[in-house]
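The numbering used here applies: residue 25 is where the sequence shown begins, and numbers increase by one.
Derived from the structure by calculation, the hints contain no laboratory data.
All values derive from a computational prediction rather than experimental measurement.
There's no promise every hint is true.
[To be verified] Cut-off 20 angstroms, straight-line C-alpha distance, at most; resulting in silico cross-link-like pairs (DMTMM-like, lysine to aspartate or glutamate):
no. : residue 1 : residue 2
1   : Lys-140   : Asp-199
2   : Lys-243   : Asp-199
3   : Lys-44    : Glu-262
4   : Lys-192   : Glu-262
5   : Lys-227   : Glu-182
6   : Lys-243   : Glu-182
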Amino acid sequence: MDTRVQEPGNNSYLIPQFEKMTTLSEQEQSLLAALEQDVRHYPADTTLTAEGEYSERLFMLKSGWACATRFLVDGQRQVLDIFLPGQILGLREMGLRHSLSEFYALTDVQACPFPKQRLTEIFEQAPRLTDLFFLAMAREQSILIERVTNIGRRTATERLAHFLVEMKVRLNLRDMAFHLPINQTMIGDTLGLTSVHISRTLKQLSDQGLITYQNGDLKLLDLDGLIELSGFERAYLEITPDWTRL
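All chains, please: the whole structure from these sequences, using the hints.
Given below as structure tokens:
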């Protein structure tokens with residue numbers, strides 16, 4: 025169930041994400057801000073779009089954490105994406121008639137649903153925004169590719185270390201201590217591991233003096249050590265707009 029939220033003023037989360045890549049014109053800012061007008065509240069554990077549901081809209085995430093998951097016939101779950109504020113849910117599936125994934129609120133979230141057709145209108149009025157949305161979708165694809173590599177070729181310890189560093193970078197935090205609002209089962213479903221294995225691996229990283237972790241409160245004690253252990257390279261999180269019209 026969603027609840028509409030009245031939000032005063034221009035409190036855009038999408039515009040700052042795009043302005044990391046280029047300076048936006050007033051028209052471009054206005055078109056993007058319009059995607060955030062219909063603010064709705066979705067409680068934690070709410071399904072925004074069900075797997076297999078007719079897919080006619082996207083969601084701009086303004087606050088909270090959400091994810092995209094797939095379920096197997098035996099009930100197992102694979103987390104494909106974890107979304108943070110400023111991201112658009114469903115971009116990678118925008119060419120599909122029915123959703124391949126379930127989009128799910130991990131925490132209480134505020135999100136703005138808008139029809140896919142709105143993007144066509146935006147692209148006609150501001151062609152440069154086509155490039156920006158393409159770059160946003162390409163970044164999500166690169167994160168998914170890295171996740172596949174993580175699951176397929178890294179050990180459990182390397183997977184978890186890589187994931188923790190990635191979340192710090194994506195959250196754009198200077199502080200080494202932050203809260204992960206997802207439980208060990210969800211982390212396991214993201215990394216292809218059981219919750220028991222995640223618990224053991226967290227303890228292993230703690231025993232090595234790399235992290236402390238308790239009830240979702242995480243502190244990276246040795247960031248360089250985690251990067252070296254996991255082989256983390258942040259290039260897949262960085263967007264290079266050199267070839268675009270930006």
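How the hints compare with the structure:
1. Lys-140 - Asp-199: violated (37 angstroms)
2. Lys-243 - Asp-199: Answer holds: Lys-243 to Asp-199 is near 9 angstroms, not above 20 angstroms.
3. Lys-44 - Glu-262: Since the Cα atoms of Lys-44 and Glu-262 sit roughly 10 angstroms apart, the hinted pair holds (cutoff 20 angstroms).
4. Lys-192 - Glu-262: holds (14 angstroms)
5. Lys-227 - Glu-182: Holds: Lys-227 and Glu-182 sit about 13 angstroms apart, inside 20 angstroms.
6. Lys-243 - Glu-182: holds (17 angstroms)
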